[in-house]
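Colleague: Each chain, letter by letter, is given below.
2 protein chains.
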Amino acid sequence: MTSDLDPIFNPDSIALVGASNRPDKWGSFLLGHLMGGGYGHENIFPVNPHEKQIHGLKAYPSLAELPRKVSLVIITTPAKLVAGILEECAAQGLKHVVVISSNFSEVGLEGAELEREIAEVARKHGLMMVGPNTMGVINTRKDMYAVGAPLQLIRGNIAYVSQSGNVGAQMLGWTGSQGVGFGKFAGSGNEATLHCQDFIQYFGEDPDTDLILAYIEGLDDGRDFLRIVREVAKRKPIIALKSGRTEAGMKAAASHTGALAGSDKIYEAAFHQAGIMRAETTQEMLDLAKAVSRLPLPRGNRVGIITLGGGWGVIATDAAALCNLELPPPDENIIRVCDEYLPSFWSHGNPVDLVGSFNAEGHLRIIEEMMKSPSYDSVVVLGSLGTGSLMGMSMMASDPIAAGWDEQQLKNFLDSLKEKNRSMLDRMLELSHACEKPLVDVEMQFIGDDALVELEAGRGVIFTSPEKAAQVISKMLRYAEFLKHAL
Amino acid sequence: MTSDLDPIFNPDSIALVGASNRPDKWGSFLLGHLMGGGYGHENIFPVNPHEKQIHGLKAYPSLAELPRKVSLVIITTPAKLVAGILEECAAQGLKHVVVISSNFSEVGLEGAELEREIAEVARKHGLMMVGPNTMGVINTRKDMYAVGAPLQLIRGNIAYVSQSGNVGAQMLGWTGSQGVGFGKFAGSGNEATLHCQDFIQYFGEDPDTDLILAYIEGLDDGRDFLRIVREVAKRKPIIALKSGRTEAGMKAAASHTGALAGSDKIYEAAFHQAGIMRAETTQEMLDLAKAVSRLPLPRGNRVGIITLGGGWGVIATDAAALCNLELPPPDENIIRVCDEYLPSFWSHGNPVDLVGSFNAEGHLRIIEEMMKSPSYDSVVVLGSLGTGSLMGMSMMASDPIAAGWDEQQLKNFLDSLKEKNRSMLDRMLELSHACEKPLVDVEMQFIGDDALVELEAGRGVIFTSPEKAAQVISKMLRYAEFLKHAL
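Chains P and X, in that order, are what the protein sequence lines are.
In terms of our numbering, the first sequence opens at residue 3 and continues consecutively.
In terms of our numbering, the second sequence opens at residue 3 and continues consecutively.
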């Protein structure tokens, strides 16, 4: 059944029923985003009986009068017109529909009746219907942004299904500045027929998807969800954010999507069984997505920490311990290398405190030894990339021009720092893949957020707090343990 | 005694013993930061017997040979020279000293012996000595950056004492891009004589300080700390981050600053009694600082939530409930105003779901009614400022130029959105102060981080997640309750 969803994400042409010239209408936003996103304008067909032209495109009075058969119909009309339009779709042999229109079950009994009606029409004719009350769908590979929010995404291999349009769209809005690329997105809306697990199953079979994210408020059929998701999780990692965690939150969820939210403990246990990594916040979902899509999974809970300064080492140790990670002491090989590169009073423990040493070669040798050590399943490096920038900024502060440097010397110096950071991160990543364990770098300052994302270049993982590193590693470990037992 | 600390933060002139031309030396960094920060170069006196000039300034062979009596001496020499330099200070009648030099108690028994020695010299001569092993001190009002890290801060009325130089400096490094202004900073280092509570007491009496932050790994004299801090907290809010929360973290702290860390439960209870707001992470310390310095304190735990979209409303409800905040239903005045501005199927509950309405006047009227309502002690607004930007971006996506707008129309339109956001936030802040309750705005997207900070303009509070809003409100409430009982 799920390959049946393909035309929703890979349509050759799209009709938009309810397209509008009025700038405050969803039928205007959606057409604007579709056109602005780069989807071929010749393959977009606005449908509106009252307009000749919409946003510069020729408008058609009805689906029956389109010049050719389209692969996807998107509907933004008032709710009470949707059932009729679905009948038209069926009459024209159009099987794939996204219903953006709202005012269905989320607004009360009358809306729920309308929703039952359109579900019935969809089932009767075998339509694949997304929604109603959905933000829409995206496929970045097709430059298709059939969504009600203005988004421009980096292309990538992550797919995302969200039961909330605003949570979905707003999280996607963060991804650009955080350097995380996405392939497909679906707002599942009220899920009158297609449920979030149907999208997860489709993404599971989609060759362009390596990692699946889901935002969930409640499940109509938990058993079906778990059965499907558990199978997908054996092949591809799944990260879910589940809200309605508290009684008050469940009540709010019920009045939002009408979802029947079960006890959070049941979800927690079920997600665990199904191999789902559970994120606590949308930001954590993105952090976890970055790490899972770029690094190997850890094989156990023993983490080695290397820190440029003692205070952050203490904070990182707390964070690791709170996530049930263990910090075994360094083995003799590590001690030998540390003795070689660090002053005699170095910590001789885990965290390995570099006591402010700025020797990049020494850092790398110690990192390498920790990565190779059988004592550690993952390694967290705190502040090593920052050292170059720190020195550079300190030198800049003392006014090198006044001290006799010329502009070119200065530029070369700053370029060399950037290059040093890049080659250091490259080497760390090589080690991570060669040793098959995750290496997470944490930089607390002195490199700006944008510069960090530039440095990651879509392949490294640099967080700005040790807490994130510990949480992400512990959740990756849970998935690794699921795979060990499930396969 | 604490007014005795004043010359440390407000020196008329500074001698730097150990100043260096070698770019990889702390004696070079520190001089560079001091000069680059804007402190009058004519009042900086590098001391180094081997140099004639350092970073362009005349160098002096010893403190005895300075052309005039300085108010502060900073020392970056090797540890074993420090005791002798302190004796020289005393001989010259110089009472205020910051010892940057490391290799004292943090490196073992020999270092601990050296530290006892310098503490003894300081006590014998009545020196006010910061450190050793400290990052240094800052006073932004004097453009004095006597620190080993390259920092440029926004001026403000927050003071900060940190037992870790790297945690202190790195957190300060974030403050600029987050729009939070600081006045004074002290790294208390190994605290051989002056302890973090001495700085807190000084900040408590300092007319330029309205809010005090502290990063703590352990306390030598918990009783003294609590006695002092509890008195200060009655007059000024104090936010502390305490690491060494886990057994592993305590072990790491012991090897870092040699601090004897007590059980975290004891700290938790003691902080609570002393009226200290406890932050979990450095970022939360900054978030809390922003809110406490800009908004009134809540009087109770009842929060009203207004959301542009249902999903974020559910997430915000969970976040509030997890922080023990209550969400009473809207009263009849609120219901009347909502009925006036929202479609009939609006949530009729708390969160008040604006169901995507873009009517700014309606938002403001509802916000106003919730702020005035006796049912709520604080209000969280989700996404209201973003609506204008969202509409603007959606209109941009549909290519208004192609649709016949000229450049000027476009510019006016975008300016008007910015202006609308600003005046809406202004109105929200007026309400917050007039109603004497905190109003926290949360914008999840569609306004960039920099634009949010620009919009806050140092007086509003805009977070990017509902979790932050709930945590910050609940911690402010704890402080409000302390004040109620302590005064």
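Hints are supplied without guarantee of correctness; some may be wrong.
Identical copies go unnamed one by one, so any copy, or any two together, can satisfy a pair.
To be verified - In silico BS3-like pairs for lysine-lysine, Cα to Cα no more than 25 Å straight-line:
#	residue 1	residue 2
1	K144	K413
2	K422	K27
3	K126	K82
4	K236	K413
5	K374	K60
6	K413	K27
7	K238	K144
8	K422	K267
9	K126	K97
10	K60	K236
Keep in mind the hints are simulated off the structure, nothing from the lab.
Quantities reported herein were computed from a predicted structural model and do not represent experimental measurements.
Colleague: Hints first: check each against the structure and report whether it holds.
Modeller: Verification of the supplied hints:
Proximity of K144 and K413 under a CA criterion of 25 Å is satisfied in neither setting, with 41 Å inside one chain copy and 31 Å between copies. In this assembly of identical chains, K422 and K27 lie within 25 Å of each other by CA distance solely across copies; the values are 20 Å between and 51 Å within a copy. In the homo-oligomer, the alpha carbons of K126 and K82 lie at most 25 Å apart inside one protomer (18 Å), although the nearest pairing across protomers, at 88 Å, exceeds that limit. In this homomeric assembly, K236 and K413 never come within 25 Å of each other (Cα to Cα): the closest approach is 50 Å inside a single copy and 52 Å across copies.
In this homomeric assembly, K374 and K60 never come within 25 Å of each other (Cα to Cα): the closest approach is 63 Å inside a single copy and 51 Å across copies. When the C-alpha separation of K413 and K27 is checked against a cutoff of 25 Å, the pair qualifies only between copies, where the shortest distance is 22 Å, while the shortest distance within a copy is 51 Å. With identical chains, the CA atoms of K238 and K144 are at most 25 Å apart within one copy only, with a shortest distance of 22 Å there and 57 Å across copies. In this assembly of identical chains, the alpha carbons of K422 and K267 never lie at most 25 Å apart, being 47 Å within a copy and 44 Å across copies at closest.
In the homo-oligomer, the alpha carbons of K126 and K97 lie at most 25 Å apart inside one protomer (11 Å), although the nearest pairing across protomers, at 90 Å, exceeds that limit. For the homomeric pair K60 and K236, neither the shortest alpha-carbon distance inside one copy (47 Å) nor that between copies (70 Å) is at most 25 Å.
Comparing the model with each earlier hint shows violations of hints 1, 4, 5, 8, 10; every other hint is respected.
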